[in-house]
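Undergrad: Each chain is listed here by its residues.
Number of protein chains: 6
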Amino acid sequence: MRRDGRQENEIRPLTITPHYLAEVPGSCFIEMGRTKVICAVSIEEQVPPFLKNSGGGWLTAEYAMLPMSTPRRNARESVQGRQKGRTLEIQRLIGRSLRAVTDLSGFGERTVFVDCDVIQADGGTRTAAITGSFVALVEFFKYLRDKGEIENIPVFDSVAAISVGIVDGAVLLDLDYCEDSEAEVDANFVMTGNGKLIEVQATAERSPFGKKMLDGMIETAEKGIAELTVRQKAVLGVWK
Amino acid sequence: MRRDGRQENEIRPLTITPHYLAEVPGSCFIEMGRTKVICAVSIEEQVPPFLKNSGGGWLTAEYAMLPMSTPRRNARESVQGRQKGRTLEIQRLIGRSLRAVTDLSGFGERTVFVDCDVIQADGGTRTAAITGSFVALVEFFKYLRDKGEIENIPVFDSVAAISVGIVDGAVLLDLDYCEDSEAEVDANFVMTGNGKLIEVQATAERSPFGKKMLDGMIETAEKGIAELTVRQKAVLGVWK
Amino acid sequence: MRRDGRQENEIRPLTITPHYLAEVPGSCFIEMGRTKVICAVSIEEQVPPFLKNSGGGWLTAEYAMLPMSTPRRNARESVQGRQKGRTLEIQRLIGRSLRAVTDLSGFGERTVFVDCDVIQADGGTRTAAITGSFVALVEFFKYLRDKGEIENIPVFDSVAAISVGIVDGAVLLDLDYCEDSEAEVDANFVMTGNGKLIEVQATAERSPFGKKMLDGMIETAEKGIAELTVRQKAVLGVWK
Amino acid sequence: MRRDGRQENEIRPLTITPHYLAEVPGSCFIEMGRTKVICAVSIEEQVPPFLKNSGGGWLTAEYAMLPMSTPRRNARESVQGRQKGRTLEIQRLIGRSLRAVTDLSGFGERTVFVDCDVIQADGGTRTAAITGSFVALVEFFKYLRDKGEIENIPVFDSVAAISVGIVDGAVLLDLDYCEDSEAEVDANFVMTGNGKLIEVQATAERSPFGKKMLDGMIETAEKGIAELTVRQKAVLGVWK
Amino acid sequence: MRRDGRQENEIRPLTITPHYLAEVPGSCFIEMGRTKVICAVSIEEQVPPFLKNSGGGWLTAEYAMLPMSTPRRNARESVQGRQKGRTLEIQRLIGRSLRAVTDLSGFGERTVFVDCDVIQADGGTRTAAITGSFVALVEFFKYLRDKGEIENIPVFDSVAAISVGIVDGAVLLDLDYCEDSEAEVDANFVMTGNGKLIEVQATAERSPFGKKMLDGMIETAEKGIAELTVRQKAVLGVWK
Amino acid sequence: MRRDGRQENEIRPLTITPHYLAEVPGSCFIEMGRTKVICAVSIEEQVPPFLKNSGGGWLTAEYAMLPMSTPRRNARESVQGRQKGRTLEIQRLIGRSLRAVTDLSGFGERTVFVDCDVIQADGGTRTAAITGSFVALVEFFKYLRDKGEIENIPVFDSVAAISVGIVDGAVLLDLDYCEDSEAEVDANFVMTGNGKLIEVQATAERSPFGKKMLDGMIETAEKGIAELTVRQKAVLGVWK
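Residue numbers (the working numbering), protein chains in the order written: chain G, 3 to 242; chain C, 3 to 242; chain U, 3 to 242; chain D, 3 to 242; chain P, 3 to 242; chain Y, 3 to 242.
Don't take each hint at face value.
Pairs count within a copy or across copies, as identical chains cannot be separated in the list.
Unchecked claim - Calculated lysine to aspartate or glutamate pairs in the EDC-like style (CA-CA distance at most 20 Å, straight line):
id, residue 1, residue 2
1, Lys198, Glu229
2, Lys225, Glu10
3, Lys214, Glu224
4, Lys198, Asp105
5, Lys144, Glu47
6, Lys149, Asp105
7, Lys198, Asp217
8, Lys225, Asp159
9, Lys213, Glu229
10, Lys242, Asp170
In short, the hints are calculated from the structure, not lab data.
This structure is a prediction, so every number in the text was calculated from the model and none was measured.
Could you build the full structure based on these sequences and the hints that come with them?
TA: Quick look at the structure:
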């Protein structure tokens, strides 16, 4: 049993609060244990240069942690004048994950912005951000549809993400910060609602691992993602 | 009567939630109408160069708005590589206001950081940030005292802030965003618990104003600050 | 009596030299005691995005101090790669003050730039910059009118600014650097030629102050501004 | 058969030239097909703050592409004033991969810098950079050992990396740029000389993929890494 | 005789390898002794603002050193967020030198980019960059001509550059790094193929020098440039 | 005769006002025709890393133009976040020129800062900056000597600078902005008081030039420098 009483393949308590921001049509607040992230979606009337006059749109994400989202303050990136490598890596992952289930030709030559701001960080912020952003994204597309701007929700499938790690040889699902710090192997899986992989990132923090270990981690991740998918659907209702 | 049903000298519904962040001893969530700000306090073992070996400490504040805290997305400052002038101006004001009631020699040669992050912005974010930060600051000093790091709470008096504006010739207290956009004169007042002024900032947005008008605004502000002070005390209990 | 022999409500010796820069139609050199600022006005054929196709124009200001304008060198902001918070705050104040008396629809969809560069700093640089910039601005508009680009000088009233402070309980007008460092309360007032307030900024540097004190400071400021206004008019002649 | 005549599980022609830079003890030039990278290792007498007084060292990597390493010029990051997200992501991967096989306590409180500069880019620059950097790193440690600065080569195992992708449903090893652009799934594998995984990064560029597909990619990667390992050993000789 | 056996007025062994980068029509690799530079030319469909609608084009250069091009690592400028003064100075010199022999009206309203990346630095990198860039530039224009984009090679004359220095009173041609560090006077000469001066830069590093000394340096430079010109012609063949 | 009535080898009217800044011991205002520069010298108790514990000091210069020093406003570098290449090139030249006549071991392990701020620019700002800075530097050293901080003025010789150009085939001394824009060749010479060269920078703006032309330019420069030297001495009096 884990320090917080969870089974090895058990996710933390999850709450998804849609419409969290009063005046933002596509927003939600996702809490996985003590990790808390605000996800908010908006759209702008322009696309990156490489898409000009293509008729297609783009989706991009930005991620940040509040300085005090962790017990030990981390410096504000705006004060330092640049986003850290970790930040850029995470926001690129969020964008890629959402683009993988989005029909970019479905909302004109515009750019969808997904903002993920971490209020409290206790491990798994990037995976919570992906899981929550998907909810905010569909809410936002519903809003565009209700306004008559688009006909259909341009989303192929749902997407969710979860972390898995090896701690003392055991495969643990949805690591909190303490577990993450002790993990020998640390992995993040992004999967669709019907169980396909979108992104696999596994890193040996302490000792290289075998293929079998990876298999075990994927299996555990699949269980977690399935649960997240159920919860996303419960919040979103029928949206296709 | 105002659009939202308030009297001219009535503040918006106010909620102050102390200990908002699980692992941050000095934090609170302040809501004034739809304006919502997280205030969090921390300390670091160093001071700015001009205080080295002075024995005294420092207090500084940082302020930011989430990109989607407003209905229309505002670009992330970390992505733009610099804080805007408005941001710097506000965080300087917050720092000055708190320093005016803090005994900087009361916590050693260390720097207190006050982080104010706006989750939702509907006018009056800087004043809410000051009012909330004071609560977070005292909570933080209580924590240091309980740990035995300091003997007394190094705070002379309480501090709170409120906006006042002239809209269609009438003096309105605690403007929301719409009222603020229409105001002919826009002012912010920072005052202590026993009614003294710490900072006055009044700006003619549309038409210059007379001294009498300023008097009316101060009077109205005094009423608002008095109410905020009561609420701060209710949350903090006896702290001196 | 003050260290330099002035009465409490006496301004420092003032000189305003219009046309200071040979090839700049709107420029002046303002000296208030040892504080010396070059003010220069120019115009560009574009406006900020929010004014595009509005038909109206904009006015913006930039402020800087030479590294050696103070006895102790202050680092060059271009070398540091960013303007300091203080700088941004001051140049925003200058811009706001001038816009408050300028008809922005009076010179087409263009932007007026006001550059204030401090050659020597002995307190009151921001107020000198405002007072001097007004002269440079009107000179510039005269030039545009003489060229036939505009019909009338698009200025409603004159504007000037002065500092007032409380030192040892006394209200002093137009503080020099030493007085400013010792002030318990430090205030800047921006007023129109016919005695209305445009901006009030009062800060308790050491001890909070009562409303009566503020009244005293305003009264003293009014006297100072009236004198500055006379001097501006003497330089500008009839311009309306 | 592939456009360039290779089998699906065949790597491109590989050349590793150690001691490529005349005066740099740990350097090599690695060419995999048309992808060419200079790897160079150096050391500095300091560590990041979190390691001060720990007795242990650090290893970090930097990566860049020459503007003309691709047929279409890509802007110089020094001119743009910041490294792109892709760059930071890659150099973090290189650093992590090398640290996973390096005994960081084996060279004192110092930092090893690994510089990877891409002269020509035709896909697989990050994997070539890892494979080549390992050679440069061991050469550098040999040099330190020969100078008597360290006793043993502080490296646990060798490390190499290869890309695998799914193109038209087929699993291809070591993609060139064209193949990479067409890939439905794109993956990079970092493995040790004795066949353990250090990092797995698999991304669905076009369509989500099943676990079986991932298995196939790992298997193919293993074959490629085994070949790279042989080549690294051939260049390095006996180094343990 | 010099440390490396050269005569005082003898250049180092020179190799110019055109078409060094596989997919870049205008590129070369120039080696002067241990100094090695990749020069690559490309073109973009835009010009600086001051040339818009002028019908004429522009040519600009960028220069960088690999961090490990010198035995002692020099920090990567992209990591530091800005190009150093030395870098800007050199790339401005390269651009000026090439523009002096190029007919900027000969390739439409476009900008030619010249990238000079130093792989190994042993003195004289800026002069090698100029000499090599000229070859890459002509190769690039040949390519444009062969594609039918331009009719003639828009180049008036060839250009090459060499360093000369005074070491222990003797005039030395083409200094290597050691000689350069010891030089009392350090000069760079840029000249055309028919012996005219394009740029003279002579600096007293240790002791001021007389006009006669300058004459001696020019004479020596002329000899060196003549040799470089022959070598450029040998590589380029008939191009006019 | 030239547009402004000068002979070809005649410098513009020159005024050097020492002690221009009230509280800066080493400052001067130099005016050459309409070009006006404030030069100010200060010292800091630190040296660049490469001089730590060397016992020797350093001298460095910074240069900037006021935005309105030219009829057409040039953007403020602090707003743009970086100094331009031209600026860096000029301030490096000023620093080098002054170091060439300064005994860096003569004022301890400290750094002398030379600030050159252009108030009005009409060609020749860099040469005026050098000529004026020398005066400010000696004034500053006198001040240090009078305070007893140094025993002797650590300056070997005087230094001054002048521009020379070829306009319509004629060699002109001390070009103003218009002449500079039309020059076929543009050169700057830095020389010592006893006629030795410190720096020669000659650039063919339009057409390459022969050695003879360079000889003519040097001769003309010598005449100009001799006059500047007389003027510097007149201001400085006996300082050795």
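Undergrad: Against which earlier hints does the structure fall short, listed by number upward?
TA: 10
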